[in-house]
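S.K.: Hey, can you work out the whole structure from these sequences and the hints?
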Amino acid sequence: MSTSPLALEHVVIPRICGNRILDVGCGYGKWGFLAKKYFWATRQGSSCEEPFVAGLDCHQPNLNGLRAHKLYDELIHADATYLPFRDKSFDTVLAIEVMEHLRQEAGYQALQEFERVAKHCVIISTPNKKCFRGGLTDVHGYNPYEAHVSRWKIKTFKSLGYQCYGLGLKLWPNWFWSATELTYFSYRIPMMSDTLVCVKLLKPQRTLSMKGFSCDQKGSVCESRFNE
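For the sequence shown, my numbering assigns the number 180 to the initial residue and increments by one for each residue that follows.
Some hints could be false.
30 angstroms max Cα-Cα, derived DSS-like pairs, lysine-lysine [to be verified]:
1) LYS308 <-> LYS334
2) LYS337 <-> LYS308
3) LYS267 <-> LYS209
4) LYS334 <-> LYS382
Distance ranges between label pairs, derived from CB positions [unchecked claim]:
5) GLU229 <-> LYS332: 34 to 40 angstroms
6) ARG246 <-> ILE368: 39 to 45 angstroms
7) LYS216 <-> SER338: 30 to 36 angstroms
8) ALA326 <-> HIS248: 21 to 27 angstroms
9) LYS249 <-> ALA285: 29 to 35 angstroms
10) LYS249 <-> MET371: 37 to 43 angstroms
11) GLU228 <-> VAL328: 34 to 40 angstroms
12) LYS334 <-> LYS216: 30 to 36 angstroms
13) MET370 <-> GLU253: 24 to 30 angstroms
14) ALA257 <-> TYR217: 23 to 29 angstroms
15) LYS334 <-> HIS248: 36 to 42 angstroms
16) GLY224 <-> HIS319: 16 to 22 angstroms
17) SER338 <-> GLU229: 34 to 40 angstroms
18) HIS189 <-> LYS337: 19 to 25 angstroms
Think of the hints as simulated: they come from the structure by calculation, not from any bench. Computed from a predicted structure; not experimentally measured. Built from N, CA and C at the ideal position, the CB exists for glycine as well.
M.R.: Structure (structure tokens):
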């Protein structure tokens, strides 16, 4: 969702691969804006090609609001558990602050869909703590999909071949860790973090089974260009 921590952009944007990007759970359009504004900071950002960014959300009022701003090249009303695209339709699939809004079974199905439609990379973020809640009222009215109904752990993503990083520390509120360099420790030791960022670089031979989600090859993470 678009209410993700501000510090996420420094971890997410450099790991975007290719110029075709799908933003699942696009919300208010934060990641559509950032992907286009800072496309130069992605792995293919130096290319002359313009990015194509599609936004997908299950809450129609969010999409109605986004159309007026033209942040996305395409907007789709659909559920994360069934993406209406062909296999390998996008280079990168973003699911930022989405997994906690899905129950476990639906979440596993969504992960399968992310990997099906992504050609190169899947990038996920989710809270690294219990933060269950009900739906919220936003500028469009009550949104039941804003409810947090599940918690996802590092070991789950690692077992599926994701490389996990952390942001923030559980000991301090977000405003504190986003203004300090303490995030370095949680970045390298994600179990200490407030928020998880999980990245998987897909390989052509990889398979994903619905039960158990076993992968025959593990993915690796795209390295950040910010340090080059």
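S.K.: Determine which of the earlier numbered hints do not hold for this structure and return their numbers in increasing order.
M.R.: As far as the earlier hints go, 13, 16 are violated by this structure, in ascending order.
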